[in-house]
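Fit chain B with the ligands to the given chain A structure using the hints.
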Amino acid sequence: MLQNIVIGQYVPVESPIHRLDARSKILAVLLMAVVVFLANDVMTNAILVTFVSLLVLLSKVPLRFFIKGMLPIFILIAFTFILHALFTNEGEVLFTVLGFSVYSGGIIQGLFIAIRIGALVIIASLLTLTTSPIDLTDGFEAYLRPFKRFGVPSHEIALMMAISIRLIPTLLLEADRILKAQSARGADFTKGSLKTRLNTMTAFIIPLFVRSFKRAEDMATAMDARGYRGGEGRTKLRILKWQGKDTVAIVLIVLFGCTLGILRYV
Amino acid sequence: MSTIECKNVFFKYTDEQDWIIQDLSITIKQGEWVSILGTNGSGKSTLARLINALLTPTSGAVTVAGKSTDDEGEIWNIRQKAGMVFQNPDHQFVAATVRDDIAFGLENAGVARDEMLKRIASASERVGVDDLLFAEPHRLSGGQKQRAAIAGVLALQPDIMIFDEATAMLDPKGRKEVMATMKQLHERGITILMITHELEEALESDRVVFMEHGKIINDSKAEEFFQKPEFLVERDFHLPYFLQVQKHLVENGFQTNYLLDEDEWVKSLCTSNSRM
Ligand SMILES: Nc1ncnc2c1ncn2[C@@H]1O[C@H](COP(=O)(O)OP(=O)(O)O)[C@@H](O)[C@H]1O
Ligand SMILES: [Mg+2]
Numbered sequence: 001m002l003q004n005i006v007i008g009q010y011v012p013v014e015s016p017i018h019r020l021d022a023r024s025k026i027l028a029v030l031l032m033a034v035v036v037f038l039a040n041d042v043m044t045n046a047i048l049v050t051f052v053s054l055l056v057l058l059s060k061v062p063l064r065f066f067i068k069g070m071l072p073i074f075i076l077i078a079f080t081f082i083l084h085a086l087f088t089n090e091g092e093v094l095f096t097v098l099g100f101s102v103y104s105g106g107i108i109q110g111l112f113i114a115i116r117i118g119a120l121v122i123i124a125s126l127l128t129l130t131t132s133p134i135d136l137t138d139g140f141e142a143y144l145r146p147f148k149r150f151g152v153p154s155h156e157i158a159l160m161m162a163i164s165i166r167l168i169p170t171l172l173l174e175a176d177r178i179l180k181a182q183s184a185r186g187a188d189f190t191k192g193s194l195k196t197r198l199n200t201m202t203a204f205i206i207p208l209f210v211r212s213f214k215r216a217e218d219m220a221t222a223m224d225a226r227g228y229r230g231g232e233g234r235t236k237l238r239i240l241k242w243q244g245k246d247t248v249a250i251v252l253i254v255l256f257g258c259t260l261g262i263l264r265y266v
Numbered sequence: 001m002s003t004i005e006c007k008n009v010f011f012k013y014t015d016e017q018d019w020i021i022q023d024l025s026i027t028i029k030q031g032e033w034v035s036i037l038g039t040n041g042s043g044k045s046t047l048a049r050l051i052n053a054l055l056t057p058t059s060g061a062v063t064v065a066g067k068s069t070d071d072e073g074e075i076w077n078i079r080q081k082a083g084m085v086f087q088n089p090d091h092q093f094v095a096a097t098v099r100d101d102i103a104f105g106l107e108n109a110g111v112a113r114d115e116m117l118k119r120i121a122s123a124s125e126r127v128g129v130d131d132l133l134f135a136e137p138h139r140l141s142g143g144q145k146q147r148a149a150i151a152g153v154l155a156l157q158p159d160i161m162i163f164d165e166a167t168a169m170l171d172p173k174g175r176k177e178v179m180a181t182m183k184q185l186h187e188r189g190i191t192i193l194m195i196t197h198e199l200e201e202a203l204e205s206d207r208v209v210f211m212e213h214g215k216i217i218n219d220s221k222a223e224e225f226f227q228k229p230e231f232l233v234e235r236d237f238h239l240p241y242f243l244q245v246q247k248h249l250v251e252n253g254f255q256t257n258y259l260l261d262e263d264e265w266v267k268s269l270c271t272s273n274s275r276m
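Quick note, the sequences are listed as chains A and B, same order. Mapping to the UniProt record's numbering: the first sequence position 152 is 152, numbers consecutive. Mapping to the UniProt record's numbering: the second sequence position 84 is 84, numbers consecutive.
Extracted from the complex, chain A is given alone in its bound form:
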């Protein structure tokens, strides 16, 4: 079963967005986080929706992955939408619920907010869906590196992230094995009072922890044996390559931001 798991959310398909450097994609997400808030009327929001839809199409990632990413924050979107719908008193009254008059302006404002949040989430998902966790780690490390002189352990953070990512499948495999072993001994994680269930959970968690500590110790020894001595003087196999298309991507985002800005303020 674990043969096919994909770590993180990465969807390994070929697309122009996949081929971009992790750094340009991270920068693009940060820029978009600002740009999104420039949309404030029907026109700019329509442009925003079109632009984000184009990006999604360009990424060649199946739509269901984006929907999956939207689900957890769907409540938040719905909540802000309702809040705006109820408390904005602009335009004409459409109907009344629970003593609140709902204005057309409220509905529109709520929609705009929902679009912004949705766009942000989709943009962020685009980053994780089109960039492998390791590239993402390298990208973050590149941005953290300048802060090293202020004591930010950029290399250590990146290595920690990389090892955690590498260990996810191992941990899942082990969890699965312990679960089966405990079930074979008659443990049932779905029955009984809260107390007995907690007890069964303990029988699951403790071995998982014990093994993890043992592994951490072994791995530290193995790293020492292979000459690990921190980030100082270390070279890297993986290199990030900023290419022409990365510059083009950033320029496009900036141009898009300028367009929205002009439409909004002029």
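Just so you know, the hints here were simulated from the structure itself, not pulled from any lab data. Even glycine gets a Cβ: it sits at the ideal position worked out from N, Cα and C. Any given hint could turn out to be false.
As the list claims (entries may be wrong) - Taking CB as the label site, the calculated pair distances span:
id : chain 1 : residue 1 : chain 2 : residue 2 : range
1  : A       : Thr196    : B       : Tyr13     : 52 to 60 Å
2  : A       : Arg177    : B       : Asp236    : 38 to 46 Å
3  : A       : Pro12     : B       : Thr14     : 45 to 53 Å
4  : B       : Thr14     : A       : Asp176    : 34 to 42 Å
What follows is chain B with the ligands alone, placed relative to chain A:
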């Protein structure tokens, strides 16, 4: 060329402990294939860690190629010269793919990227993981993971490779793969230090060191060592079947000494004109 030399080494992890290694002396020359046998807790892993400077002796001296493991400035050099492969394949795979994992040691050593690519290519080819370079660890068999670990050490161009029960967690197929790799490394002149519980594996080596309570109680050529299998039987080791049979033959006077190559032994049986 790297000779390993331990001189009157004593070691304990904590002050309260008894000596884990006591008054141990041994010299291992470049190119030897040494098996280290011994019961659990006899100090085999500790000895291995003393040799590649993961531990330093409480008293006495360990030198590799003339450099003492006590010398702070030489530690990294020694660890590179004496690479180590551990028991659990999953606990020594650091990076996301085979290629990144082989690179890990090279990155630590500050090897330039071009050189790194060359060394990854040649090391992976030598142990036969060149078609798995982009595979993630959870898609590999135990034997493949161990071979990737060997490639990671090999890329650092060591003179010595220490295997601490590196086959113990593998299935028979994985064991065979790793043993074949060791044989090939030995042929290329790399010193092999192999800690094992498997007598079949020890039979492949040139020299057998047997440890008990932190001391070496036997150090001899493999052919000599296996001439007295009682030594092993007394210590609850399980003799390979063909040696068990030979033991009976020797005890009953049908055979004078033990043959360690199974095929050779069978041949000699078939051609002998004794009363059997
Ligand atoms: N990190 C440690 N701290 C304290 N004692 C240890 C440590 N590692 C091993 N020992 C002790 O040292 C002895 C020898 O261990 P080890 O060298 O691992 O034996 P072997 O590999 O032959 O089974 C054991 O009694 C063990 O309990
Ligand atoms: Mg051991």
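Here's how the hints hold up against the structure:
1. A/Thr196 to B/Tyr13: 52 to 60 Å: About 41 Å separates the Cβ atoms of A/Thr196 and B/Tyr13, which means 52 to 60 Å is violated.
2. A/Arg177 to B/Asp236: 38 to 46 Å: 30 Å, violated
3. A/Pro12 to B/Thr14: 45 to 53 Å: Between A/Pro12 and B/Thr14, where Cβ atoms are some 49 Å apart, the hint holds.
4. B/Thr14 to A/Asp176: 34 to 42 Å: 37 Å, holds
Of the numbered hints stated above, those contradicted by the structure are hints 1, 2, listed in ascending order.
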